[in-house]
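Undergrad: Can you make the complete structure from the sequences, with help from the hints?
Protein chains: 4
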Amino acid sequence: MRDEHIESSNGKLGILIPGMGAVGTTLMAGVMAARRGLAPPIGSLSEYGAIEHRGEVRNLRDILPLAKLDDLVFGGWDLFEDNAFEAAAHAGVLSEHHLEELRDELEEIEPMKAVFDPEFVRNLEGTWVKEAGSNWELARAVMDDIDDFIESNDCDRAVGIWCGSTEVFTPLDEVHLSVEAFEEGLRNDHPKISPTMIYAYAHLKKGIPFANAAPNRALDTPALVELAERNGVPTAGKDLKTGQTLMKTIIAPGLAARNLKMDGWYSTNILGNRDGAVLDDPGSFKTKEESKLSVLESILDGDQQPELYGDFDHRVRIDYYKPRGDNKEGWDNIDFSGWMDYPMQLKVNFLCRDSILAAPLVLDLALFGDLAQRSGMSGPQEWLSFYFKSPQVAEGERPVHDLFEQRRMLTDTLGDLAARRPALSDTSEESVREPAAEAS
Amino acid sequence: MRDEHIESSNGKLGILIPGMGAVGTTLMAGVMAARRGLAPPIGSLSEYGAIEHRGEVRNLRDILPLAKLDDLVFGGWDLFEDNAFEAAAHAGVLSEHHLEELRDELEEIEPMKAVFDPEFVRNLEGTWVKEAGSNWELARAVMDDIDDFIESNDCDRAVGIWCGSTEVFTPLDEVHLSVEAFEEGLRNDHPKISPTMIYAYAHLKKGIPFANAAPNRALDTPALVELAERNGVPTAGKDLKTGQTLMKTIIAPGLAARNLKMDGWYSTNILGNRDGAVLDDPGSFKTKEESKLSVLESILDGDQQPELYGDFDHRVRIDYYKPRGDNKEGWDNIDFSGWMDYPMQLKVNFLCRDSILAAPLVLDLALFGDLAQRSGMSGPQEWLSFYFKSPQVAEGERPVHDLFEQRRMLTDTLGDLAARRPALSDTSEESVREPAAEAS
Amino acid sequence: MRDEHIESSNGKLGILIPGMGAVGTTLMAGVMAARRGLAPPIGSLSEYGAIEHRGEVRNLRDILPLAKLDDLVFGGWDLFEDNAFEAAAHAGVLSEHHLEELRDELEEIEPMKAVFDPEFVRNLEGTWVKEAGSNWELARAVMDDIDDFIESNDCDRAVGIWCGSTEVFTPLDEVHLSVEAFEEGLRNDHPKISPTMIYAYAHLKKGIPFANAAPNRALDTPALVELAERNGVPTAGKDLKTGQTLMKTIIAPGLAARNLKMDGWYSTNILGNRDGAVLDDPGSFKTKEESKLSVLESILDGDQQPELYGDFDHRVRIDYYKPRGDNKEGWDNIDFSGWMDYPMQLKVNFLCRDSILAAPLVLDLALFGDLAQRSGMSGPQEWLSFYFKSPQVAEGERPVHDLFEQRRMLTDTLGDLAARRPALSDTSEESVREPAAEAS
Amino acid sequence: MRDEHIESSNGKLGILIPGMGAVGTTLMAGVMAARRGLAPPIGSLSEYGAIEHRGEVRNLRDILPLAKLDDLVFGGWDLFEDNAFEAAAHAGVLSEHHLEELRDELEEIEPMKAVFDPEFVRNLEGTWVKEAGSNWELARAVMDDIDDFIESNDCDRAVGIWCGSTEVFTPLDEVHLSVEAFEEGLRNDHPKISPTMIYAYAHLKKGIPFANAAPNRALDTPALVELAERNGVPTAGKDLKTGQTLMKTIIAPGLAARNLKMDGWYSTNILGNRDGAVLDDPGSFKTKEESKLSVLESILDGDQQPELYGDFDHRVRIDYYKPRGDNKEGWDNIDFSGWMDYPMQLKVNFLCRDSILAAPLVLDLALFGDLAQRSGMSGPQEWLSFYFKSPQVAEGERPVHDLFEQRRMLTDTLGDLAARRPALSDTSEESVREPAAEAS
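Residue numbers (our numbering), protein chains in the order written: chain R, 2 to 441; chain S, 2 to 441; chain V, 2 to 441; chain U, 2 to 441.
One or more hints might be untrue.
As the list makes no split between identical chains, a pair holds if one copy fits it or if it spans any two.
Straight line, CA to CA, 25 Å or less: simulated DMTMM-like cross-link-like pairs of lysine to aspartate or glutamate [to be verified]:
no., residue 1, residue 2
1, K193, E227
2, K323, E290
3, K323, D304
4, K323, E308
5, K206, D281
6, K69, E181
7, K206, E290
8, K206, D221
9, K287, E53
Keep in mind the hints are simulated off the structure, nothing from the lab.
TA: Have a look at this one:
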């Protein structure tokens, strides 16, 4: 990171969301509620985080030029024509009470028609999809959508975040290896180019930071890495770390810190939302499972410590179970051994809410992605690993999964960015709330 | 930490244990078993830990002059005349199989008579106790025991670790405020001087590092801090972090990293060993409860983040429950909220084994305490906070409870110590096992 | 039970509730909602139960003359002036949505002033209490309230059910031994006469069936048993069996059926409502604990099977824990052994809703109490043991705690009552809803 | 049941076990241990059960002529040549301590060569199997084995119990519809005749009661029912009800008794023994799943109570998980609703031991099967439903799954049998332990 200027956060920031489902609409509702003081944006580091800066613990907003909540504008694409209110009501995440309070504002957000390919998401059927001749034309249509959105909303900048469904597992193919091959593939309707890739391509092409909240392969292809770096656009992915995997990357480092031996880790998940229905398709499940399995093998490193981690049984189950609705429940059984190889057990039952855990991460990714771009950073942002089940790293590197290592990477980078700025005479919290005070 | 020479680890190291109960005898048995290849010393950082050193991940034993397992000699004091085999059999921690294998070696370890005062531990009755006129004479008797042990076992050095019962809560008193007042109190049989303090005093007086595995106030009094610093002796305490509290200091930092709001944390523990019986006395329970409650308030800092951590209900229960025996079981219910204040729950059921988790920590404390002394360090060793529920810190400092912060402090210090040594030409694991190779 | 006529259920039935708190108002709201088709009265045997009758499985309502939901009228007494809507809102059991729908109807129910004595419930302070010279006058005032209620609501009959707080444990005293001693005590303000007893006395005196939903000693005194029998009034008690104890009386009979050996049963409860606050007083807790402990000893009978049930550790904890609100959570750990004495464990985590489980039981008790009276039954109704933690039985008898034995007793009695009636030509569900069809 | 004479239990009773694995060898070891007073036969109704008889609660052994433990002789068949000691050691159910104590006696029990067909159990490979030309010859060989066993062990009577693996699901076929078709199929090596059927056939043909501890279709075919009735042999099956399903048939009747509405029941099982490996084959899993799913639908009857039980989501998972070994662990999440449809949750975590729960059931089935035969009963014994996940019933009947209904059926029949006997002058427990006292 070079000691450069960070551009101002003034002006409106568009947040573009392909897949305006449970996560996307919960994000929108929560930002609207926070702006109006109706509900707090809990879970967001950009709103609540604090780091050491010049000898004091300071709130991030006081020391970094993050876009203000008041300056965010939401848009997106979806397979269904429901506006954000209807989609949120359908998702069943938020209370009637909250939905009613925010109804008017949510109803104004209507999805643009989606890029959809049933080959990649088999258990859904889209009714609000672009009809275009080729993938190339679809990508162009998305770029036009972006331009229109920015112009009609008078945005200064934008960021995009894929919040759609898990796609079928796509092995790396020739077509993913370079921008040229990829663009050729777009023109030829190559079957290994998924909708996520088309959205990612369109954003990067327009110079807009893009993050991937799902486990789909997209940004993590040589072609799109190349494009991001060529166009100076930061990217981040993939697969938001929310429920059971979040707990794994908290607990496993703890057991490893104590040099306890792992014998087995059995995880089962029950969930009853659209996600669960999509994951009932084995193709989509494989994509998700890959993402979920890898975290432990990295934290409990059998190469480094074969006696402790060389041989443990790791199972992950995801089951669609209707009564759970959008809530998600995980049950983990962890078998491990201590001194003289005596066995112990730990059971973790997590009654969580998927979209409630995910929404603040999407907000952080949008704000930090925008900050990164204004700070001159491009390509995969490893310091955002904190947010992902499968952090994308530079080629040849191994991802870090330990949540506490990830936190350190994140706060180190934020600290470095804060250090670039001149010491402000007055950065009290109050000042942050008055946009005028920050005008450059 | 100054860049000084670290003295050689050659020669025998005595490990002196006031309170040869479940933890102490499990430690002894495990070291014996590890030496004979019968069972691995899992859970010990000194045996399994690795840190970055000169660009590589290296095992601690390869880069630091730690005492070898083969050089350890065990001794101790107890209220009951049982030798280590009998005490271990009574404790019910180890399998019959392990006990039989190690019987001969364990039987050789016979306790010295204990310093005991029923005012401080009400639910036990000692039958193997020193009868001496005053506390001063008791302290002298312990010092004589130490000298005898060192001489008769041909030890080069020793460390002491209190592994006895939780004493009744003792408020800080005038008598604890200076070495002079303390020694005066010893002579006068001052009622606020507990057996733990007498052992600690005797060790420090003899220049022997001392650690406190129980929550009793002892080393954390100005008098004994002063004595430790005056005599150049490192100390560490207090209350080993093993079961439920260990899990708390793993999980709470994870939730805090994600800026989730804490609503309540309810913890209950069931245990059926002598510890449980002792804690049935409200005086002893208060000491333990203080130690257990403080950890969350520090990690989830309500002063720093009042909106998230300013108001949560934290309850801790410990119940004696006979069927659990030496095993300990914790059940935690954690209520927290995310985005827009939607509530979630996490339940953790930990079927743990107290002494199995504690024994490797005692080994580490012995080896690191000895290392610290040979490295010229004295007084409370904050970098050993990793091991304790109530880490003792320098006056005016706040203890760190987050396990991952504690791990960083620990590995940073070990890394600094390793950096003091000249790069060795050959530090393969084999070389470590040949004492000659390490002669300075 | 003699083969007598059962009187008609026609006309209005008053349900009088001393203690219009969470349980009482949830009952009222649920009956109102069921009448209007807004929510189903799940959990009520009188509404959903079916038994074999003349060779067919028949709904209870089709074969027994139970009072109709449309004919119920609610009234009650409380320490606070809140009407049923306010009290329900304060209790936090029902959703805003349900409260709003039923607001008008609930607001009409205003409590009569309560009989209150802070000696018996120490953690509450009443503000809407009768001021009368003596207990005798208080009892008269309650009888006047009853008369007024019946007259002003045009009731044909009434039943009363204590739904107030747990009182301090009251040992059996001389004053409880006969109607005469009791009435003498009322006049003298004897300190061992509690408010529950005064309400019970007033109801029985007026010939109105009375049930006790709390663990307070009242109906189970010789004095009130005598009065009930003398006045031909059925009674039932005590302490509704809802959460953890319900689960115990389900699971324990299962383990006993399989002749498994019990080693220990540890139960902890967390709850955050007014009940929890009341139980923070040790006097009230003792009353509750007595009620909770006895169930296991009866099902797992150590006299009958000393090898299996002669020696197990049974612990019950109740902890006030604010975040739980009116919901109640239990965690049970059950240690038992099988073949050759090998140990197993069962853990039960029950996230229940106290008032939601209790309300349908109160409805059943009201309807069955009324039925019993119309069928000529009086005194303690053992066949209603199904509903209670501490079933009241005839002197010298042992209560049955096994839920399945209790179910059998209940359905046997209902079957006998149904058998008294002439076979009806048309007892379709429709016919039941037309009162005319049932006119005698 | 006719009021007939019950034949004497004198003489030796052979217990023949096809499949001498974990369950079979645990049974043998436990009976040996009980005979020698080394460990109690907990979990067995025949040993610990008591029922009302002539106005008193009496132990079963005191009022029924059950075979004595001292008169039992064990034999069996297996795919592997291991004797009972080796097989028990391999199974990992019993402690080293118990195995050593019983070693000599167990080693004497050597398996006869098994009938094996890899088409029916795909994940095992047998090495100790009969080589015979046809199924007919295999059946003859089993009959010869039975004759040899009875003769060489001087048995008066015998019973057989299939304790082998779960076979692949076999749909009912023409060949199963009559004895004639079946015998024709044996001669033709019909592919739908499984090893279990061959064993069952051989036993019934020899007039020996047979029970089926596994979910395999065998006794529950018209052919074998016909044969059992024709030869006057009692049978019982199928699939022992031990772990999670046992808990289901305890808890579900409890919730149903309270008329609570079922929304969903999610069950997952982890186990690491040979059973688990066999169930990794989808064919075997289907057989097991069928057996496990049906229990709830019968207890929570959607036809009878569509509002409460007409629509719930029931999922059952079984996962092979190595660290669990022969122990089995179940986790159930139960979603149900009460009053006004408010939801509640119950979680059950069962750390059980499969063979420890199964062995006493096998003992009961052997003793009760023998008793039934001596009492003149034949064909499927519905009163033994208590022991099975899929109780076999007379054609056209629905099985009873509620454990408490099953218990009632069982004790009613035992009571009727006891009532057939003349009142004995002295049936004290002592007398039972002295075989001489019962000699006829």
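Undergrad: Does each hint fit the structure? Answer for all of them.
TA: Outcome of the hint check:
{"no.": "1", "hint": "K193 with E227", "in the structure": "within (18 Å within a copy, 61 Å between copies)"}
{"no.": "2", "hint": "K323 with E290", "in the structure": "both (20 Å within a copy, 20 Å between copies)"}
{"no.": "3", "hint": "K323 with D304", "in the structure": "between (40 Å within a copy, 21 Å between copies)"}
{"no.": "4", "hint": "K323 with E308", "in the structure": "between (42 Å within a copy, 17 Å between copies)"}
{"no.": "5", "hint": "K206 with D281", "in the structure": "neither (34 Å within a copy, 48 Å between copies)"}
{"no.": "6", "hint": "K69 with E181", "in the structure": "neither (38 Å within a copy, 61 Å between copies)"}
{"no.": "7", "hint": "K206 with E290", "in the structure": "neither (31 Å within a copy, 52 Å between copies)"}
{"no.": "8", "hint": "K206 with D221", "in the structure": "within (16 Å within a copy, 63 Å between copies)"}
{"no.": "9", "hint": "K287 with E53", "in the structure": "neither (41 Å within a copy, 35 Å between copies)"}
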